[in-house]
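Asks: These two chains come separately, so use the hints to put the complex back together.
Sequence lines, in order, name chains A and B.
Under our numbering, the first residue of the first sequence is numbered 55, with each subsequent residue one higher.
Under our numbering, the first residue of the second sequence is numbered -9, with each subsequent residue one higher.
Be aware that one or more of the hints could be misleading.
What the hints assert, rightly or not - Listed next, the in silico EDC-like pairs over lysine to aspartate or glutamate satisfying Cα-Cα at most 20 Å (straight line):
#1 A:K153 - B:D20
#2 A:K153 - B:E1
#3 B:K68 - B:D47
#4 A:K158 - B:E34
Claimed, not checked - Each pair of labels, with its calculated beta carbon distance range:
#5 A:D55 - B:T66: 28 to 34 Å
#6 A:I107 - B:I45: 22 to 28 Å
#7 A:R115 - B:P44: 34 to 40 Å
#8 A:E69 - B:T10: 41 to 47 Å
#9 A:E96 - B:Q7: 24 to 30 Å
#10 A:P136 - B:V43: 23 to 29 Å
#11 B:R(-1) - A:K108: 36 to 42 Å
#12 B:G(-7) - A:P148: 24 to 30 Å
#13 A:E112 - B:Q70: 44 to 50 Å
By construction, these hints were calculated from the structure, which means they are not laboratory data.
Think of the CB as a built atom: it goes at the ideal place given N, C-alpha and C, for glycine as much as any other residue.
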Amino acid sequence: DQQVKQNSPSLSVQEGRISILNCDYTNSMFDYFLWYKKYPAEGPTFLISISSIKDKNEDGRFTVFLNKSAKHLSLHIVPSQPGDSAVYFCAASPNRDDKIIFGKGTRLHILP
Amino acid sequence: DAGVIQSPRHEVTEMGQEVTLRCKPISGHDYLFWYRQTMMRGLELLIYFNNNVPIDDSGMPEDRFSAKMPNASFSTLKIQPSEPRDSAVYFCASSLAGVGSASYNEQFFGPGTRLTVL
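With the rest of the complex left out, here is chain B (with noise of 0.2 Å):
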């Protein structure tokens, strides 16, 4: 399995603009979460999908921030307009519950978007 792939992995953009950060969890998986890492603030859950429906959205910075997952393979971050305090690595991690002793807890992460917004 190629494991979570997320793209782009660098993404360098001018304030106002739109960004569209992508994700692709691991086959099978049920859960996928969008994770903000920054010096400041950690690591911070922004959003969660259980069988592609957002459960918790409460980590959701500002209503300029946006997520979908359109299907069991795919899901997208968007930041509209994006501003220079969005700066951060961007992860997604997906996790498949309820199997032996597996618990979504234990989450497998993709290598993250490095995002500047100038």
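So here's chain A without its partners, still in its complex pose (with noise of 0.2 Å):
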């Protein structure tokens, strides 16, 4: 039973250009979003993260959109660049201070 879905395993992008990812999420009780990026034979970064009393967190290149009617949040990448390929994870929990639950990743590449 996954509580936080990643639907598309891959996504190309055109350097320069926007990235959107996407996640989706079913427990109501989920309060608190981030996502990670993960590089091969590294651990996952922290990247954003964001709280439901928001719809919306900016962080240089990256933004998070937070529909809580929808359960779905979304990362943009504006604008793409070479090194922002990579796995993305989206990860929710409850609150700031409880376990979080990853998806499954969406790898990202961009290409040139």
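Replies: Following this line, the structure appears as structure tokens:
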């Protein structure tokens, strides 16, 4: 029973364009959401987070949007750069101080 | 800071053997997590500790798995006996709670141990 779903295993985007990674969740108790980025042979690294009291959080080229009614969040990367090629994990938690549930990840390829 | 350190980076063993994975968290972090990543199940939380005390081990798959944290700078994950289905990448992560806007959900991961059980 997957509580956090990333339905696209992979995504290819042209360099300079916008990358949009999507995530859906089923547990209405989730209140805090995160994105992690992972390069091969490395551990995941924290990228950006959002609390349910917000619908948008921005950090440089990265913006996370949250639609609680649809139980959906997305990560926008603008403009996409070659170094953004990685696996992106969506994660969710009932609050900021509880264990988090990860999705299976989306592999992003930035094309030259 | 060297970050979270895991050893070994790769482990190949035969079914039935005992396997011990090691982790050194970032100094000063008071939460430590063990995860397992497989193609089928993605990244799963196995167990986590707060101040060296196990808080939630509901993700530990079977009694063959055990984890300890004897002090703030060291933790082990042991599998005895190991089975081929235990083959996966095992990650250790640590975090610091309650400092400014930090949350223990913003975890710092080690590079992982790739375990292959033949």
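Asks: Of the numbered hints stated previously, which ones are contradicted by the structure, given in increasing order?
Replies: 2 and 10
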